[in-house]
Amino acid sequence: MPPALALYQQIKDHISRKIQDGSWPPGHRLPSEHELVAQFGISRMTVNRALRELTEQGRVVRVAGVGSFVAEEKPQSTLLQIANLASEIRQRGHDYRCEVLVVERISASLEVAASLDLRLGDSVFHSVCVHLEDGVPVQLEDRYVNPRVVPDFGAQDFSLQQPSEYLVRNVPFDQVEHVVDAVLPTAEQAERLAMVPTQPCLLLTRRTWTRGVPVTVVRCLHPASRYRLGSRFRADGNPVFG
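Every number in my numbering is 8 more than the matching position in the sequence shown, counting from 1.
The set of hints was computed from the structure by calculation and includes no laboratory data. Nothing here was measured: the structure is a model prediction, and the numbers come from that model. Glycine is no exception: its CB is placed at the ideal position from the N, C-alpha and C atoms. One or more hints might be untrue.
[As the list claims (entries may be wrong)] Derived EDC-like pairs: lysine to aspartate or glutamate, alpha-carbon spacing no greater than 16 Å straight-line:
#: 1; residue 1: Lys20; residue 2: Glu41
#: 2; residue 1: Lys26; residue 2: Glu80
#: 3; residue 1: Lys20; residue 2: Glu43
#: 4; residue 1: Lys20; residue 2: Glu61
#: 5; residue 1: Lys20; residue 2: Glu64
[Unchecked claim] Distance windows between CB atoms, simulated:
#: 6; residue 1: Pro33; residue 2: Ala202; range: 22 to 30 Å
#: 7; residue 1: Ala163; residue 2: Arg98; range: 44 to 52 Å
#: 8; residue 1: His22; residue 2: Gly73; range: 21 to 29 Å
Assemble the whole structure, with the sequences as input and the hints as a guide.
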């Protein structure tokens, strides 16, 4: 291992241990670059590289002109069931809010028609929402709904009940498909998520069926620095809850 690599890795390991053992909790201000340079007797460039990589990994947050801080732990949402994002956020003791940006009826594109087993140009419902945790956007939801299965979707007041809650409560589903991709947001998506377009996102694409008929296809875009997706399950494939 090259000496330069060992030096910056030494700083990363030191900071990571402090975070892992709880010595430096979320929000704790790290020693300044100058202090780390003096403590370890290395160059500022090496310290800067270590902090930059920890920032890219989501363990540290750097505020220009202020300093570096231990990042808040990213919330995790399950992949084995349809998660209730509002409940997850409130269970953490945080404020939840949903901003409904679009509810409309449009002609299905080729991709949407194929996902919902419809013909190109068939009428579908389309909704767009931003979900916020303590005022910070954590998910952009872009949804298409099959009107043959959910004819009243467009008439709902989604200020009282968000689209996903309405569907789960009113349309029984028996199959769910989840696909996760790492993507970069478009300029419009980045603006709606209050992030820069060069930061990566996790894209969860979900489809549900009832008796073999597609109900909805939804793309949930999460800033990777604010959210993670994961599950715990037994060897037989059944999820572990609690």
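Does Glu43 lie within 16 Å of Lys20 when you go C-alpha to C-alpha? Since the Cα atoms of Lys20 and Glu43 sit roughly 15 Å apart, the hinted pair holds (cutoff 16 Å).
Measure nothing beyond the straight line between the CA atoms of Lys26 and Glu80; if it is 16 Å or shorter, mark the hint as holding. 14 Å, holds
His22 paired with Gly73, Cβ distance criterion 21 to 29 Å: 24 Å, holds
Hint consistency between Lys20 and Glu41 [alpha-carbon to alpha-carbon, up to 16 Å]: Answer holds: Lys20 to Glu41 is near 13 Å, not above 16 Å.
For the pair supplied as a hint, Lys20 and Glu61, is the alpha-carbon distance within the 16 Å limit? 8 Å, holds
44 to 52 Å was suggested as the range; check whether the CB atoms of Ala163 and Arg98 agree with it. 27 Å, violated
Hey, Lys20 versus Glu64, does the alpha-carbon distance stay inside 16 Å? 12 Å, holds
Quick check: does the Cβ-Cβ distance between Pro33 and Ala202 fall within 22 to 30 Å? 25 Å, holds
Comparing the model with each numbered hint stated earlier shows that hint 7 is the single one that does not hold.
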